[in-house]
Each structure stands twice: as structure tokens, then as C-alpha cells.
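In order, the protein sequence lines correspond to chains A and B. Residue numbers 12 to 372, in the numbering used here, belong to the letters of the first sequence in order. Residue numbers 27 to 305, in the numbering used here, belong to the letters of the second sequence in order.
None of these hints come from the bench; they were simulated from the model. Just so we're clear, the structure is a prediction, and the values are computed from it rather than from any experiment. Here a beta-carbon is modelled for each residue, glycine too, at the ideal position from N, C-alpha and C. Fair warning: there could be bad hints in the mix.
[Stated by the list, open to error] Not close to chain A: a few residues of chain B, all C-beta gaps over 10 Å, as computed:
1. K41
2. N140
3. D145
[Stated by the list, open to error] To be clear about the criterion: a stretch of chain B counts as covered by chain A if any three or more of its residues have a C-beta under 8 Å from a C-beta of chain A, and this derived list gives those stretches:
4. 109-115
5. 279-287
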Amino acid sequence: MAKSPLSTYKFLLLFISWWAIWAFLQVSLLIGFGLPTAIALSDSIVSNTFVALSCGFLSNNMQYYLPKKERYWYILFISLGLSGIILLACKAILVPLLSDRADGAGYAQFFSKSWAVRFDIVFLQVACMAILSVLWYSSAEEQENRQRRNDAERLAKEAELFKLRQQLAPHFLFNSLNSISALIGSRPEQARKMIQQLSDFLRGNLKKEEQQWVPLSEELQYLELYLDIEKVRFGHRLDTQIVCAEDCMGSKLPPMLLQPIVENAIKFGLYDTTEAVTISIRARIEAKFVIIEVENPFDPETSRPKKGTGFGLSSIQRRLYLLFARADLLETRVAGNLFTTIVRIPQTDNQAPAIENKQTT
Amino acid sequence: MSTNNNTAAAGEQVKAIIIDDEPLARMIVQEYLQSYSEIVVLQECGDGFEGIKAIQQHHPDLIFLDIQMPKINGFEMLELVEEPPAVIFTTAFDEYAIKAFESHAVDYLLKPFNKERFDKALRKWLDQRVTRTSDRITHAPGAIAHGPAGAAPNAADTEALLETAAQSPAQQQRIVVKTGGKIKIIPLEDIHFLEAADDYVKIHTHNGAFLKNRTMSYFEKTLDPAQFVRTHRSYILNVQQVTRIDPYEKDSHLCILQSGATVPVSKAGYVKLKGVLGL
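Using the sequences and the hints, build the whole thing.
Structure follows, in C-alpha cells:
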């Protein structure tokens, strides 16, 4: 909840000074009308104290109840009512108190003559305070809402990125374990090797979730590990080819971005044809972008890759958009029975992803 | 088993086929089967096409079947086999498939599985086979058919299993048919309409019509109702193909498709069609 404006030292000081000036002006005015100084002073202090207390009370209470836009006319009624009460209270205290004094003979008459002007001034003061409070609280509320919306958006974005990154296919894991189980009986050495590979792969998977950016060389090494495991599973059917120019080995990319693309290539390469399959991965640098192409065969008769996002690539498209705020970084191409996924990763000097920049500002 | 001499199954060889696209997965089934001298593995197949051929050739009693395989999956393969043998599924984690198995009492092995679990599945099947075969001999001595007679799974069970499997997201994109000796995969968007034809359903597509050994209600249940509407007792049509709907005789309409074909629409079918098209 927003704090009352009077709870800040600066505004409280302003409020008190405002009240003091008003009281001083009223004293001068009353003396000018010919009232004795003592009476003018008492009148001014009592009535202005009431006004100050009412304003403080009003402002404080709006913390708990703020009229909605279509009910702003409530403020008018509250201010009118409050002004009436202030005036009645002033009369009840001041008239008996000051009329008894030796020099206060005409005070009662003076008060009833001046009530309309008094009411005017009090109403203006109270209404002004009410309107200022409404503005203060609604802007605080607005700010709070915006903050909350930003927080929610940021959380959703982070969660989405985490989810997109973390799609380790359970099929892969369980089938690999089954292959190991089969190897244990006849080829225990190879089983041990595959356990090692699978462990390295899983460890890499865990580690990468914490990192924001990884070098391409590391990512390719990791993919090779993954492909080696798949080769044990699919035997002679799977062949792979990785071509990477020396100058792009050091380029940086988001972790776990290429793996789903290669997984997709394997899925459609191996499950869409019955022949032996070659999956190619090629990387090169071009004008501040590292360009990675993943190619797999498919059967054009039974699968129709949709233009743009291709088979199951929409989650990668989404992730690239969340990271770079661009929708043109993923592209697919069909030539004959070859399907190619092309991903372009912008290479900036500071290597900070766009999302990080946004969060800090 | 050696003392059990009052059943036809005792001592008889059991013919089995292993269908899995991963060589190591086939290897472990082979290994586990070594302790069963009565079970002979006639062939190992690396995909569903080979599987169908092998089943037609050998008429096995039992198959070990993987689900995720190249081109056509295990369920689709089973759809194309005329008299499916008993099936033990071997599969990695697949929530949807497991639901199908559980509700239709066909056994399945979750990869990786150990020898005990494998034995349990096989024992269960072998025992059932003995009971079923002896029942058959007692109650209907002349009625033993050729092929995988004794232990063939209940036909209704298989039908229900395939129906559930066909509703999985992977299979909702296409229909697999056998035409002549060839297997054809029809993407759903190629389908114009389906027509009842005796015991078959005729699937009309861009590239001609194909017959599939299923019922209209099977397709009505498994195809996406937002795309395929049963407009008539004998017709289901792809709403994306509709160009025009003309009134026909009393209470009925005719639907004209992009291909020029006309499909009858009954009174109830018209209401459904209007609902899907948002008219």
C-alpha cells in the first residue's frame, strides 16, 4: 500500500509551513477588520488547527479508501461535509470562549457575518488537500501496478527460457539406458564407455543451465558427444559430419540452442526414412553473425515442413525471440530430400544478451 | 511344462519376431529369450515395413514390438496386419502409450527392463496361451484356425488399443494404408472425404482413393472433430475442402468440394457442419 504523503518528512514540513502562513494571513486579515490582536490570534489558531487536523485525517484515510474515477464526485461531498463540521466546531468553541471576554462583545455578530467567507476558504483548503491526495495515491498505485507487471513479465520470460532450454527428451535417456543394458551382457567394455559418454552429456546439460553464453567450440564438442551416443543406439544407420571454420570456434551462443535443432534433425532423419542417414553440421562467420546450418534427409512425400519454422522448431524460434527480440534468426530450407535448418546468432562485442540489458535498466 | 501333456501348446514351438529399430534393443530381447527353449525367433526387423512382411511370411505367435520406429510406428504397423499376433510392446517412456496399454490389458515392457520383468510378461502370455488353447479344444474341437490361433489377443482389445493410440498427437497428422503390396502414408490435409464401403472405409485424396479396414465410427472418434465432420451415416468430410453447400431434397443438402466431388449431408450432419464452420 502506498504511504500517506504526510508520512514523508518533506511533505509534512511543507504542510506545516503552509498552515503557519495561512494562520498568519488570517491574523493580519482579522486585525485589519478591527478585531483585537488576542481575539484575532485565538480565532486564527483554533480554526486553522481544525482545518489542518481535518486535512491530515482526510489524506490519511484516503490511504485505505480511494474513490474510483467515476466516483470522484464523492470528494466534493466529503469536502463540503467536512468544511461544515469544521465551521460548526469553530463556532461552538470560539463564540462562547471569546464573547465572555471584555473586548469580545461584537465577536458573535462578527462570526455570523463572516461564516460564508470562512466556509469558502475552509472548503477550498479541504478540497485542495483531497484532490492532491487522490493524485498522490493514484500515481503511487499506478507505479506499483507497473512494477508488478514488469516483475510478472520478467518472471514469465525467465521461466519460459528455462523451460525451452531444459527439454531433454526422455526418449533419448531411456533408450540410451536400454542400449547400455543390452551391451552389459556381451560387450561390457563398450557399455562402460557409453555410461561415461552419457554421464558427460548429462553433466554438461546440468552445467549449461547456469551459464548465459558458451563458445561454439564447446557446444560442438557437446553435440559430438550426443551424436556418439545416438550412433551407438542406431548402429550403422547414422553418420555425422561436422564442419567448422577455424575463425568461428570462439564465437559465443546461448547454451542448449543447437541441441534441439540436431535432435530435430535426427528425429526426422532417422524416423522419416529407413535408409542410412547423414546429419551435417556446418558453421561459419558472416558479418557479425555466426551462422550454423544443420542438414538432414527427409521424405518429401510424407512430411511437409512448414515454411519458416519447419518441423518442431517453434520453441527455438521463440527462444531466439526472447533472447534477441528478433524473429528472423531461424530459417529453414528444403532442397530435394534435404532439410536444412539455419540459425544466425548475432555476435556483439560485450557479449551481453539483450535480455540482460533490459533487466538492468 | 514338460509334465503338461494334455494341451496342444505343450512342447510346441512358439514362433516369435522382434521388431525394433535399435539393434541393441533387439539384442537384449534375444538375450533374455535364450532361457526359453520353446521360443524361436524367426526374424529381427528394423522397421514396420519389414515387420509387416515378416508377419505375413511367418505368421508368428508372438511379436516384440517397439513403438517409435522409422516411417510408421508400432501402432500403425499393427493396424495394417490382417490378423495381428499377440504383442508385447517394448518402449521407452511414453505417457500416452502407457495409458493405452493399461486400459486394454496388453502387456508392455518399459525400456530399460530387467530379466524378471521380461519373464513376468512372457510367463503371463504363455499361461494364457495354454488356457486359451485348451479351452478351444474342449469347447470347439473343429474350430482351430491356421496361423496365430490360440493366443491371438482379443480382437476388441486390439481395436480399442489402436483407437486410443490413434488419438495420440503423433498419429493425428496422418493415416497409413496398404495399397497393393505398398504402404502409403496419407497426410490428413490431403484427404478430401471418407466414404463407407462395406467392411472398409474408402479414403478419397488428391492421389486417388484408398481402402482401410476400419469403421466409420473409428474415424469419427479418432480424427480431429474441428477438421473432419461426419455429415452423413456413410460420409466424413474434410471441412477445409468445402467450397459450397447446396440444398438438396427435403431436409438434406449437398456439399461441393474443391475437387468437384459432391458429398451428401443429412439433416443432423448439416447442423454439425454449420457448427464447425461457424455459420
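For each hint, the structure was consulted:
no.: 1; hint: K41; result: holds, 23 Å
no.: 2; hint: N140; result: violated, 8 Å
no.: 3; hint: D145; result: holds, 15 Å
no.: 4; hint: 109-115; result: violated (count 0)
no.: 5; hint: 279-287; result: violated (count 0)
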